[in-house]
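J.: Going line by line, the protein sequences match chains X and G.
Residue 183 in this note's numbering sits at position 183 of the first sequence, and the numbers go up by one each step.
Residue 249 in this note's numbering sits at position 249 of the second sequence, and the numbers go up by one each step.
Note that these hints are calculated values from the structure, not bench results.
Simulated coverage check for chain G against chain X, where a stretch passes if three residues somewhere in it have a Cβ under 8 Å from a Cβ of chain X:
#1 146–157
#2 167–173
In silico DSSO-like links for lysine-lysine, alpha-carbon gap of 30 Å or less:
#3 G:LYS131 to X:LYS66
#4 X:LYS294 to G:LYS320
#5 X:LYS131 to G:LYS66
#6 X:LYS303 to X:LYS66
#7 X:LYS320 to G:LYS131
#8 G:LYS320 to X:LYS131
#9 X:LYS131 to G:LYS131
Heads up, incomplete: computed chain X residues facing chain G, CB under 7 Å, no partners named:
#10 PHE159
#11 ASP252
#12 LEU288
Note that the structure is a prediction, hence the values are computed from the model and not measured.
All C-beta atoms in this analysis are idealised placements derived from N, C-alpha and C, irrespective of residue type, glycine included.
2 protein chains.
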Amino acid sequence: MDKPYVIGIDVGGTNTVVGLVDKRGQILRQGSLVTSKHAEVEDYLDELAAVIEDLIKNVATKDQIKGIGAGTPNGNYFTGSIEFAPNLRWKGVIPFAQMLEDRVGIPVALTNDANAAAIGEMTYGAARGMKDFIVITLGTGVGSGIVVNGQLVYGSDGFAGELGHVIVRRENGRMCGCGRTGCLEAYTSATGVARTAREYLELRKDVDTQLRNIPIDEITSKDVFDAAVAGDEIAKEIFNYTGDMLGEAFADFVAFSSPEAIILFGGLTKAGELIMNPIKESMERNLLAIYKGKVNLIFSELKESDAAVLGASALGWEVK
Amino acid sequence: MDKPYVIGIDVGGTNTVVGLVDKRGQILRQGSLVTSKHAEVEDYLDELAAVIEDLIKNVATKDQIKGIGAGTPNGNYFTGSIEFAPNLRWKGVIPFAQMLEDRVGIPVALTNDANAAAIGEMTYGAARGMKDFIVITLGTGVGSGIVVNGQLVYGSDGFAGELGHVIVRRENGRMCGCGRTGCLEAYTSATGVARTAREYLELRKDVDTQLRNIPIDEITSKDVFDAAVAGDEIAKEIFNYTGDMLGEAFADFVAFSSPEAIILFGGLTKAGELIMNPIKESMERNLLAIYKGKVNLIFSELKESDAAVLGASALGWEVK
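So here's chain X without its partners, still in its complex pose (with noise of 0.2 Å):
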């Protein structure tokens, strides 16, 4: 029989949302919880259970549902389990998809949420009819889903696509939160955006900016953005130092597999033009000279709300 729905299932640090799709990524229902009350997985998996349930309920029976596909901190495609995902209080390897399936009856599969964002780009979104090319998430971390031959790059054991954790500055880098210094993430993150904020306030004390205006170290990248779109130079300089670091990272990305497009996600690129003209410009003046003119660098089209659940979604219809 022919299924025509699927269930996408978003796990945050803080909230999970979960959406019943139908084939054209229409979000038919919707529903959520909050993650971090359980302390226990089996609550939490419970409670995720119920909210499927009652998900289904009213618009489809469970034999109608082709997969559930989940975007997980630290999701394993290959184990199904999540496995030492320090935003979430259940530690060590949760066999995640195994303990849903055994409640609701229904196939799961997960990936981590830039992977997830890269299938939905590729299932409903910007990257349709693409075979290659790389999601790059631009969030609290900077996180990629990189797609080769119109499949996704898992690597050998699960966790390839780690790109926010290549080595931008191999001398007197920044501190990263994965314990080694000069990574991507330490430096384009909302959090890294806000970093350099405070660096250039304090290297600059000549300048005027209307981020002095804010207490230093309550800075956000929201703030920089705001600041930027009322015209402030020095906020325009932190989204070029940004935008130009992205680049020559992405420059070496393409060394590498070569993309018909790089897809740029996550709160970031509410930014607009602001970042996205210093990242093409810097990507350009660093490629290798057979791929100048060939990327195309363009923003997700799925809407950022909706986005999390679709890529997860989009996993289902792939559920064995």
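Got chain X; can you put chain G on it based on the hints?
T.: The following block gives chain G in isolation, referenced to the frame of chain X:
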């Protein structure tokens, strides 16, 4: 009919080597011609066709040849063309595969040398049974062939896998032949090692090393190797410096495709442990925690003299 043979062609700037290969990767017959003597590619291809015909004669009939695979400078698998190869006399875009096929009546596929090496390792060498690995060629230049999900990564344009041209030094980087600065190739190719030797001799006039017995502009990576084997401390330091940089770059490659193995191939691998030990040490030190201890670093198992022809021939099995 089952076709038991393929032909492999290794097109070098100076010489071209051709081999008739069976399913077990045995080179049954071998021939060669001088690439550089032909100003016109048509004349070259006429001679190459004659060498191929001669190779087949007495061993097999033409319809027993499954296909011809060629590894060429700047070879594009998608188009079958050699495109703007700086080391060949024929300029622009040469539809090499079609032109050769027209002459010999056997289907021809081509790719660049490093991709041919990767296919060779997968078919006959150290990567048999692996689905995710990277071959790094350390010769006059630094090249790479990347395999993901059991397939060679060609990218959207056929030119993926130029890992010799990722940037390892963003500030004060060495000039690279590609026109940019700081590329991996500028440091870790055979010529890069010789350059490092010259820098060490200039910068450290105080220390004694047998490399001073050679005119400074004539030092080669072979001289550095010979000195290191003889126990010369500066020569060993040069290999440590080179291996360090390769290890740093490899850690970034792993964050991309999480390969089961990285396979080293080419002239510089003759240095054995002198180069392997510092690479391993540096790669492990630089890897993101989730990848530590997972990636095998190994030397190619293909005999150096046969490897290029074998690698190219393996492409012959895939010709359609």
